Amino acid sequence: MVFKRSIYKTPAQLRDMVAPGRATAASLEAVAAAVRPGVSTLELDAIAERAIVEAGGASNFQLEPGYHHTICASVNDEVVHGIPGARILEPGDILSVDSGAILGGWNGDAARTFVLPDPAHPEAVAERARLSEVTEQSLWRGIATLASARYLNDVGEAIEDYISAQGDYGILTDYIGHGIGRRMHEEPPVFNYRVRAKGPEVRPGLVVAIEPMVVLGSQETYVKDDGWTVATEDGSAAAHWEHSVAVHAGGIWVLTATDGGAAGLAQFGVTPVPIA
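Going left to right, the sequence shown walks through residues 15 to 290 as the numbering used here numbers them.
Calculated from the structure, these hints are not laboratory results. A portion of the hints provided could be inaccurate.
[As the list claims (entries may be wrong)] No farther apart than 25 Å at their CA atoms in a straight line, the calculated lysine to aspartate or glutamate pairs in the DMTMM-like style are these:
1) Lys238 to Asp248
2) Lys238 to Asp188
3) Lys238 to Asp107
4) Lys238 to Glu78
5) Lys238 to Glu57
6) Lys212 to Glu201
7) Lys212 to Asp168
8) Lys212 to Asp175
9) Lys212 to Glu200
10) Lys212 to Glu150
11) Lys238 to Asp91
12) Lys212 to Glu171
13) Lys238 to Glu104
14) Lys212 to Glu174
15) Lys212 to Asp188
Bear in mind the structure is a predicted one, so any value in this text is a computation, not a measurement.
All chains, full assembly: derive it from the sequences and hints.
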């Protein structure tokens, strides 16, 4: 007989997921404080790992077979899964950093995008900053939708509708969000676009990582020779924002935001509620 694990966590399990979420948030806050021209992506990796260890956790990315780093650092045309290394960040770069922590056997996963200033090319910087802003706002619209949605795939519909109204951006369809818990990647899939199926019910115990990936050009991508880094076919810039979010009896809580998502959700009239 095969037993299928429920996608819904118990109240006690939800409480256990708070700590790894905080550790993940701490790693991205540490990276945000260090991002600037002249810093290497490998230096940012070390900073993120130190923050996770100080929070009592460990990198869950390093548990992925063949991956040896704490973060994924994707620069310019790289969308996701970029490997940290000797690459030095330059003025005008757009950098997406994905990080995750495991603590007490439970996982956190989140991503942020940064646009480095470049006074010599203000228009290019503004275009990339707008791309990041649209991607981040689509994430918050998805999270806000989760607070009142009956079915999970309402989230993807909200994300696509917002992005489509902002201009000619491409939404990646080959890479999507996911459930998260004992493993970093669990069921159910979390789409960033409209699909025909309704998806599972949104009810207490559901924990998902919502992560829109948006590009300035075509959504077509390829994997570089390193076997990990996903880049745009046409060389256009990309942005990636992600949060792990829990649905519980009192409402929703963004596990990977230091304020539970209060600042991002305020514009939608949604107040996150701590997990009791």
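Hints and how they fare:
1. Lys238 to Asp248: holds (13 Å)
2. Lys238 to Asp188: Distance ~15 Å between Lys238 and Asp188 Cα, so the pair holds.
3. Lys238 to Asp107: holds (19 Å)
4. Lys238 to Glu78: holds (18 Å)
5. Lys238 to Glu57: At roughly 22 Å apart (the allowed maximum being 25 Å), Glu57 and Lys238 satisfy the hint.
6. Lys212 to Glu201: holds (15 Å)
7. Lys212 to Asp168: holds (7 Å)
8. Lys212 to Asp175: holds (16 Å)
9. Lys212 to Glu200: holds (18 Å)
10. Lys212 to Glu150: Distance ~24 Å between Lys212 and Glu150 Cα, so the pair holds.
11. Lys238 to Asp91: Distance ~11 Å between Lys238 and Asp91 Cα, so the pair holds.
12. Lys212 to Glu171: holds (10 Å)
13. Lys238 to Glu104: holds (21 Å)
14. Lys212 to Glu174: holds (15 Å)
15. Lys212 to Asp188: holds (19 Å)
Every hint, counting from the list given before, is met by this structure.
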